[in-house]
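Take a look at the letters that make up each chain.
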Amino acid sequence: MSDSSSERTDDAVVVPMRVYKTVTVFSTLFAVVGVVGGFVLLDIATDRAQADLAEVQPLVALAGVALIVASAATYAFSTRFQAAGMRNAKDGEDEGSNHE
Amino acid sequence: MSLERKEEHDHRGWMKERDLSPIEQGYLMTLMWLDKRFRIVDYLELLETMYYRVNLQMPKSHTEQYNLDNKFWYWYPLYSLGAFSTIAYIVAAVTGALLGFYYAPSTAAAQEATVAYDQVVMIMMEMNFGFFLRSLHRWSAQIMTAAVFLHMLRVYFTGAYKEPREVNWLIGIVLISLTMAFGYTGYLLPWTQLSYWAGQIGVEMALSVPFIGEWVAQLVFGGFSLGAPTLQRMYVLHVFILPFVVTALIALHIGIVWMQGIAEPH
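Protein sequence lines, in the order shown, are assigned to chains A and L.
Sequential numbering from 1 applies to the first sequence in UniProt numbering.
Sequential numbering from 1 applies to the second sequence in UniProt numbering.
Isolated chain L (complex conformation):
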């Protein structure tokens, strides 16, 4: 691949053979003049080449592999739920990173309630596009949870988890759990009444675990009653630990799908 221009044709010669109107000729001359100076077409051709080279390495889709009717099911919505979850995750990640510039995980008293709550109110009421940003984050999170769940149903009912795809199914189980953990930790961050009592439920669920319950509650919630450590832990889980783990697992999950190909419907 090089940007050396290949002279494929005689720029002037071919034009004389056509009976072009002056406007057409002027138009073409202008564009060709531009083309010689701004070599957009060359770069696009490079991209085109790269696209086809990459595509050569991709596995055949199973419609190609099994010569199935490829007019219809390729767009079958249930087969797009995995991609849909991924897109929702990316949207949530981007909007979450932006929200992170303004949110503070503090239970210290502030004007209205706590710093955390007030910051969320500030984001929604005072920041330009703040309401939009937070809504986008919330909706994408909800959509991701729903899409991941439906994706799991699709995989189960089409038997796509079967040999040789067991490992990816197990990774998927971990991922759906982590997605819910993501949702839960995020739910607590605004430190509203809903957040607070959801946290209380979490503590009590942890405490109900036999033998290790108290230890789990301490570890996850920073104590047996909710407070600053709880919010701090939820925050760190939500913005520092889970993003890395989930992103890595999603990459692995998709990488394995790429390697193994999509399972044909049974």
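So that you can see chain A by itself, here it is in the shape it has in the complex:
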């Protein structure tokens, strides 16, 4: 890390704590609802995986997969926003354990 005051490392953005909470709460919410919703769509499209190949609704199935992927992407994207003092563990030097 060349300059810690720039508030910006490779793919981490330092944001105020309140914004960090907003990002965490809402992105988690999106991700959870999105993934569950995506699977529900997949279920509908394939009649709970019971449908014959001809009866599968491709558009709905694709929409379900897309929703799952989008939710995962949203969640992954939001991990770049961090509050002050947070760092990715892999970037930081060892913290040193409290015991021993």
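Everything labelled a hint here was simulated from the structure, so no lab data went into it.
There is no bait here: all hints are sound.
Straight-line C-alpha distance at most 25 Å; calculated DSS-like pairs for lysine-lysine:
no.	chain 1	residue 1	chain 2	residue 2
1	A	21	L	16
2	A	21	L	36
3	L	16	L	36
Here are some chain L residues pointing at chain A (derived, C-beta under 8 Å):
no.	residue
4	14
5	20
6	24
7	28
8	35
9	40
10	44
Nothing here was measured: the structure is a model prediction, and the numbers come from that model.
Ideal Cβ positions, reconstructed from N, Cα and C, are used throughout, including at glycine.
Once you've looked at the hints, dock chain L against the given chain A.
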């Protein structure tokens, strides 16, 4: 605690200082827009505050109190048996309440055998998730009995029953007896062969008690031979009397543990 929003930061100002990509900026603006309208974060912060306030009133765990190594034993499985019993009890209570919607404690003749038996068969064979529900009830009951017993062993062998926790030990003795009573009364309810002859054994055990045996058999089983009164009594004990008594005692038992703290291992 109030839901008044505190303006801690300048929403626009700080953003200009960062070099955000358009996607990042758009993403943050969207979430902040949502945050202003659906104030989930505010409610979560309230919950967080409440959590810490409640925690302040809790006694220190004994690892904190005695500065013990807290990496390992905190999760020591034997110390979770009490909680495990409680969870099993809650599961049994919920599933039992649901089964109660369909079960009828009647020895009247029905298609297969008796109404009670037929209803149990109906629950398992015809009801959606009925087999699952009954299995859950059965398994949680068995697990509770086992966990309560192991919990008692743990308390005994770690000396946790010693001063000042004698009262809670005695309550525990009562609770393990009531747990077995719960199990026994529930065992009779399906009115199967196993149930019936378990009931017969119960009557004869009651009768074998000196002096008061006959009275006890009459009181608990409604007579010297099994019949409708027996099933009725088991049912009332199982769904009306025991639940209230046991729930109250468990609450007291846990409340005392809460007040006294967990005993340190000797």
